[in-house]
Each structure stands twice: as C-alpha cells, then as structure tokens.
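Chain order of the listed sequences is A and B.
With UniProt numbering, the residue at position 140 of the first sequence is 140, and numbering never jumps.
With UniProt numbering, the residue at position 157 of the second sequence is 157, and numbering never jumps.
Please note: incorrect hints may appear among the correct ones.
Said to hold, decoys possible - Derived Cβ-Cβ restraints for the label pairs, each shown as a range: (1) B:G317 <-> A:P319: 44 to 54 Å; (2) B:E21 <-> A:A244: 54 to 64 Å; (3) B:P316 <-> A:E245: 47 to 57 Å; (4) A:D74 <-> B:P319: 49 to 59 Å; (5) B:R115 <-> A:R49: 38 to 48 Å; (6) B:V304 <-> A:H259: 51 to 61 Å; (7) B:P319 <-> A:L333: 38 to 48 Å; (8) A:E48 <-> B:G45: 20 to 30 Å; (9) A:S63 <-> B:D111: 57 to 67 Å; (10) A:A248 <-> B:R115: 42 to 52 Å; (11) B:E357 <-> A:P72: 49 to 59 Å.
To be verified - Here chain A is said to cover these stretches of chain B; the calculated rule only asks that three of the stretch's residues, wherever they fall, bring their Cβ under 8 Å from a Cβ of chain A: (12) 121-132; (13) 276-283.
What the hints assert, rightly or not - Here are the simulated EDC-like cross-link-like pairs (lysine to aspartate or glutamate), alpha carbons at most 20 Å apart as the crow flies: (14) A:K240 <-> A:E230; (15) B:K241 <-> A:E230; (16) B:K240 <-> B:E155; (17) B:K241 <-> B:D186; (18) A:K240 <-> B:E124; (19) B:K241 <-> B:D308; (20) B:K240 <-> A:E312; (21) A:K241 <-> B:E230; (22) A:K240 <-> A:E312; (23) B:K241 <-> B:E312; (24) A:K241 <-> A:D255; (25) A:K241 <-> A:E230.
Keep in mind that the hints were calculated from the coordinates and are not lab data.
From the three backbone atoms N, C-alpha and C, an ideal C-beta is built for every residue, glycine too.
Here is how the chains run, residue by residue.
Protein chains: 2
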Amino acid sequence: MQDRERRVLAQCDEVLDQTLEMTSDLVREYSVLGHERGALEVMEGWFERLGLPVERIPLDDPSLAQNPHHAPVDWPLGNRYNLVAALNPEASGPHLVFNGHLDVVPAEPTDTWTRPPWEPWQQEGWLYGRGAGDMKAGIAAMVMAVHAVRQAGVEIRLPLTLQTVIEEECSGNGALACIHRGHGGDFVLIPEPFGARIYSGQAGVVRFRVRVDGVPAHVLDTSAGSDAIETMQRLFPALKKLEAELNAERLPPYDVMAHPFNLNIGRFEGGNWASSVPAHAVIEGRIGFAPEASPASVMQRLVVAVQDAHVELELPGEPPRVDFHGFRSEGHLVDLESPGVCLLEACHRALTGRDAEHYLSTCTTDLRAFHVAAGVAGTCYGPVAERIHGVDERVNIESIRHTLKAYALFLCRWQQQVVAP
Amino acid sequence: MQDRERRVLAQCDEVLDQTLEMTSDLVREYSVLGHERGALEVMEGWFERLGLPVERIPLDDPSLAQNPHHAPVDWPLGNRYNLVAALNPEASGPHLVFNGHLDVVPAEPTDTWTRPPWEPWQQEGWLYGRGAGDMKAGIAAMVMAVHAVRQAGVEIRLPLTLQTVIEEECSGNGALACIHRGHGGDFVLIPEPFGARIYSGQAGVVRFRVRVDGVPAHVLDTSAGSDAIETMQRLFPALKKLEAELNAERLPPYDVMAHPFNLNIGRFEGGNWASSVPAHAVIEGRIGFAPEASPASVMQRLVVAVQDAHVELELPGEPPRVDFHGFRSEGHLVDLESPGVCLLEACHRALTGRDAEHYLSTCTTDLRAFHVAAGVAGTCYGPVAERIHGVDERVNIESIRHTLKAYALFLCRWQQQVVAP
C-alpha cells in the first residue's frame, strides 16, 4: 500500500465519528415514501458543509415517465427529488458513481421497537434505527470516503458523482431519474448493507396489488353477503403456486439456492367495521423471479393465476382486480470481470488480506437501473446490517469504518489506474 | 278508528315530505364513529324548528364509565353527545320513549356505490345513502310522528322523550348515557329498520380485537421472519369452531334458526409494506351468542380459543393479544305480553288489518340498554331497509310513511289508555 493510501485510510478513521453523526442525522428524518423531504434537507446540508456541489433531480420530470424503464406509480411526485453531487463533470476519463438511497420502509407499529425507530441509538458496537442499515450508514460512508480522500490531500480529478436518491424501496424511479439526466457514469458502487462482499447478481421483482370486492351486508345475516377477506385468503394458494413454479424453473447461478424467489404478501387490508361483512380486501405484495424472466411475463402469469383461481374455486363476486405499481424490475447478473469489480476485489484484498466473497441476492437494488437503462457495470459493497425492514434494525459500526476505507481506497486507485498520480 | 286518529294519520301524510327531507339532511352528514357532530347539529336544528325542547347528554360524563353496563372503549369521548327532547318531564303517568341512533357504519371504499353514500338520492320509491335505513329514516319518522300528532291538534300531556343517540353501532354507551341520566322511561320504541314487525328478541354480541406480532424481516429471506398475516389466518379456524359451538348450544326460541349466532371478522389489517415480511396483523370482529350466555363467559371462551390455537398449532412468536372494546352486550327476549307491545300490535292491526309478525334478531340494538340497565320493556318496529351496512343502502319510502303513522297512532293511544281524552 502506498503512503498516500495509508494517509487516506488514516483520514477515514478520523472521519468515522462524523460518519456516524451523518447516519444518525439521517435516521432522525423518518423518510418513508412521500415523506423524504426532511432527510433530503439534512443530506443537502451535509453536502454543503463538506464543500460538495449539490443539485436536485426532480422525480416529476415529464420526460422521465416516457423512459421505457420507468415504473408506473400511483402516488404524488411533486416536490420530490434526488440529490446529486457531481465533481468534475467536465473532466475526461471514466466517470465513477457512488449511489445510495435515502428512503426507508415503514416501521409501524413502532411499539415493538426498543426505542422509537427515528431516535437513533448506539449499543455495543451497533447503531440502531429505521434506515440505519438500509441504507443511511452506507450513504454516510460513501460521502465521507470522498471527504476523507480530499482531507488526505488527494485531489479528485476524474468525474465522480455522488447520488442520494429516493424510491429505491418502491419503484427504482429515483435512480432512474439520475441516469435519465445523464448521471449514469461508467461504473457504479452502491453501499447496500449486504456486507463486505461483491454483489454478484439480483433477482427480478414485481410489486403487485390485488383487490377483491365482496358483497357487503349486515352481520345479522352474514350469508347475505360475500366476505371479501375470506375470498382474498382463498386466492393465496394460487399465488404460492406461482411462487413454487418460479423457483422450480431456476437456472444457474440461482440453482444452488433452495428457494431464491420469494412471494411476500406484505400488506393486507380488508373490511372497515367489526359488524359489517367485509366489502373489500386489498393485498400488496412482491414476487421475485429469475434474471431470465421478464417482468411482463411474470405480471401476466400472476394475473392469469388470480383469474384462474377465481373461476376454479367459484369465488363469489366480480373477478379480483390485479394491478401493478412500483417495481417491475428485471433481475441481472453482475459482470464480475469488469475492471471496476476487479479493482474492488483488489481493494478488499488490500484491506482484509482475503479474497472477497460473492453475494447473489434474492432481492433488487438500484443497480438494476444502471444495468438495464444505461448498460453501466457496477456492484454493491457495504456495511453489515441486521433486521433491515424489521424491528430494531441495526448496522455494525466497525463495518461502517470498513466501508469508508474501501470506498476511499477504491476512489484513489480508480483515479490512479487511469490518470498519472 | 276515532276521528281524532284519522286526523293524526292524515297529518302524517302531510309531513311525509318533511320526514324525507329530515332523513336526507341527516344522510348528508356522514356520522361515522367520532364524526357525529354534523348529524347532531342537523338534528338539533330540526328539534328547534319543530318547537321541541332539546338537551345534550354528553358521553364523557365520568359517572357513566362507572355504570356496570358501560362498555369500555378506546376512542375519545370529548364533545360527543346524544340529543334528548323531553316533553312534559314533570307530568305524572307512564313515560314513553322513542329512541333512534344517529351514528352510521363506514361506507369505504365508496367507489362501489352508485353515488357517494353521503349524497342521498331517491329512485323508484326508495331513498338511498349510508344510514338512510340504519336508521336516519326511523329517527325522522319517530320525530315527525310527534309533530304530526301535535299538528293534528292532539295535546301531548304524558311524559314523552325523544332520544337521538350515538355509539349504537359500536358500544351501546349512547343509549346507556340517556338511561344513566334518568331518561329510561317506562316503555321504549325503536324504529330500527327491520320493518313493520314486532321485534321479539336479540342475540348477545361481543366485539373483539386480536393482534399478532410476527418477526419482521426483509423479503430477501422471508424464512428469517414470521409472517403475522399468515399466523393470523391460522387462528381463524379456532374462532369458527367457537362460533359453531355457540350455535350448537342454542335453545328456544333461537333453535328454529339454523345459524343465529354469527362470527364476523369485519376488519383485517396486517403488514405495512409490499417488501417487508408482515410484522403485525390485527383483526376486529364480533361474535353473536344466545341470551342465556353472559358476555363475560363468551369473552373468556374466545380468549381461550385463541390461546389454545397458538399452542396447539405451534404458532411462532408471542401469544396473540385479545382485547375487547365496545359491545359486550347480553342478548334478551322481549316481553311480548307487556302492555306497550300489546298496544303496538293493536296499532299494527288497525293500520294494516293483519296481525304483526314477530322478528327474532341475530344482532343487537339499543333495546339492550333499556332492558338490562333499566328493566324497561320495549321493542323495535320501523321502516323496511335493504343493504344496511352494505353498498347502496336504501330505505323504502312507503315504509317510512307506515312507520310515521304507527308511531303517531301509538302515541295517541298510549296517552288515551291512561289519561281521559
């Protein structure tokens, strides 16, 4: 390792406390869908304090909706944006992107948390809070890595873009908006909290909603109505059957996993009153599938599965309505031979003395937008988190330090590879 | 029929349009739990226009909560009240009560309605809207019956109390508050929309809530969590088994019905995000039972059924939490020999030329409070409605006319029975 690199790594140790502070500042802003503004403002403040140029990339850009990779959504887009800090945008040379998402998934009901999920706390080497792991610590690490490099006296001369986006948890349209505005770059690193492993591929994901309308009635004669909650439950086996089929069809590299493609019915809402026969029921869920399958084909199979179940089970009422909002994301495999991935592996070896493990994912990340919409290579590499999307989510503090160092070292070497020092 | 009675009935025809107007005014105020204020203000305006004295009976009276028949609830009580119009409260002689409820059950999702449920409309002899049948038309009929009697020149000299209450659909605490304040009277008629039939008894009802906490996790490994929606569904058979037992135990007069005691799971809410394994699920429901059973015994059986299912099915996580809010109402049989009921039967015969049918109910009404908390006899007799608690709820307009006349005639004869004309 060069002296300069050692200086950079020492500087990473120096800025760890600030990194935790930024993470905590972001956790305090509970940035669920539609409520990202507080986190965006905190992030913008940090970019400014660190002397990084910052630009807002709105999600309601009309031309974005025309992008073939845009996912239709049914929530408002006004005043919602990503933040991009573009260094040396006019410089020649390969353009590096660090990307992370500011949005988090809901934590309700919060009474199961040890402390309120938007009041970050530290305990025995872990930082807790909703989004602490997924992925505010990763964002803080990637941003502070750039700061550490500069603090160590290393001038950044190549184009480097930091992106902190929204809608990673629902549509992927945030990252897509950055790419749509020309910020795709040539290689992207995303510090998703899957640990210090090279992310080697991800599943496709479609997000769906099914609505059943029953025939409502008073409970004095429940037989007069048809219970939408009960009808909805009778559809579940058809969805599970589709899940089983998608897993049975799996090919390498997913064949080494027993069940990589998960169905999740993540929300169920039905009826409105204890003494009214439920007149409606809605579920929202997601289903994973192999990189070989197209989102459109899986959407079609899901619609057919529900329609067939309605007919075969002779379910009452109108056929259920299936619609799709948010993710309709292809899976893909990471090009593990790409120069950026090879460089990351070298950095990992330099820092740990060991080869990096690979991590094949059963979910999706914003890597998808870079891969499918811009043909940009990239991978994820980040802190270690536990219980993401769960209760008492937490991120390991030493793993944040490692992420800081890995991103800083990567940035130094990326620049050195192509530009004389 | 006496001339005076004929004049009163003719006056009822005169005020039918006003009765429909009052019904529509009330339907326009969508008076679901916690939002009854608009309907109360409209009602108060009508009482005042008709020259009837009006008094507010608050539900947050601290002594009410000490009443042994009060149902514990977990929603706010401040600024929520019933309206009582007490005529001749100081007069001697038997005290007659007409009682109806202003609260309605939710109509959401309203997109299944032909028109918005709070925009009343008439079509082919029916008046439509949420609460049109259950029971704003009944309230309008009972109030306008009093007005018609007075307009016909018949002086009301006995104590008569009109009560328009809230919380009939959830706790029964509204009617109880009237009784608690001394407005129980000696006989009560409630124009619930079960038609021109003598209500002969009602089931007991307990309202319950069950909450399951899962072990939340990211969908990348659904097996890491335990799905609260799925766990909740696995409890349903235990609840259905209790329902079957309660029906198997039925005694006369409920033995002539195949299934008088209904379980209804009227609300299901679980999870919070398509791609998070559901961390919680809550159901709200009601279960009916025989007049012989006590609410406490049924509540106990329900708790045991859920706890046993949790153990026997080896369900994951903590035992489900069962709690009770709102109805914990005894069933009871109406004393069909009481003078008031006999008089109502006579009025029915006078108006229709036929004996009244009896109607044994599988649900509960505010009659319960009069029976159990004050030992006051009474029954229901009212308009014909369809799809109460359902979509496109409607009430038959000719049946409103009949209810008007029956209540007016009853009032005349009630007075004549005990006071020389």
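Structure-based check of all given hints:
For B:G317 paired with A:P319, a C-beta distance near 35 Å fails the hint of 44 to 54 Å. At about 60 Å, the beta-carbon gap between B:E21 and A:A244 stays in the expected band of 54 to 64 Å. Under the hint 47 to 57 Å, the C-beta atoms of B:P316 and A:E245, about 26 Å apart, miss the expected range. For the pair A:D74 and B:P319, the supplied restraint of 49 to 59 Å is violated, since their beta-carbon distance comes to about 38 Å.
Under the hint 38 to 48 Å, the C-beta atoms of B:R115 and A:R49, about 56 Å apart, miss the expected range. Distance hint check: the CB atoms of B:V304 and A:H259 are about 36 Å apart, inconsistent with the given range 51 to 61 Å. Against the hinted window of 38 to 48 Å, the Cβ-Cβ separation of B:P319 and A:L333 comes to about 44 Å, which satisfies the hint. Taking 20 to 30 Å as the suggested C-beta distance range, the pair A:E48 and B:G45 does not conform, at roughly 58 Å.
Distance hint check for A:S63 and B:D111: the Cβ-Cβ separation is about 32 Å, which falls outside the suggested range of 57 to 67 Å. At roughly 49 Å, the beta carbons of A:A248 and B:R115 sit within the given window of 42 to 52 Å. Under the hint 49 to 59 Å, the C-beta atoms of B:E357 and A:P72, about 56 Å apart, fit the expected range. A count of 0 residues in the segment 121-132 of chain B with a Cβ less than 8 Å from any Cβ of chain A is obtained; the coverage claim is therefore unmet, three being the minimum.
Requiring three or more residues with a Cβ within less than 8 Å of a Cβ of chain A, the coverage given for the segment 276-283 of chain B holds, as 6 such residues are present. For the proposed pair A:K240 and A:E230, the alpha carbon gap of about 17 Å is at most 20 Å, so the pair holds. A threshold of 20 Å between alpha carbons decides the hint, and for B:K241 with A:E230 the separation of about 16 Å falls inside it, so the pair holds. Restraint check for B:K240 and B:E155: not satisfied, since their Cα atoms lie roughly 54 Å apart, outside the 20 Å limit.
Of the pairs offered as hints, the one joining B:K241 and B:D186 is violated, with about 40 Å between alpha carbons and a cut-off of 20 Å exceeded. As the CA atoms of A:K240 and B:E124 are separated by approximately 47 Å, the hinted pair breaks the 20 Å bound. Taken as a hint, the B:K241 and B:D308 pair is honoured in the structure, with Cα atoms around 12 Å apart against an allowance of 20 Å. Taking the CA atoms of B:K240 and A:E312, the gap is near 24 Å; set against the 20 Å cutoff, the hint is violated.
A threshold of 20 Å between alpha carbons decides the hint, and for A:K241 with B:E230 the separation of about 16 Å falls inside it, so the pair holds. A hinted pair counts as satisfied when its Cα atoms are at most 20 Å apart, and A:K240 with A:E312 qualifies at roughly 16 Å. Restraint check for B:K241 and B:E312: satisfied, since their Cα atoms lie roughly 14 Å apart, inside the 20 Å limit. Between A:K241 and A:D255 the CA atoms are separated by roughly 19 Å; this keeps the pair inside 20 Å, and the hint holds.
Restraint check: the Cα-Cα separation between A:K241 and A:E230 comes to about 19 Å, which is no more than 20 Å; the hinted pair holds.
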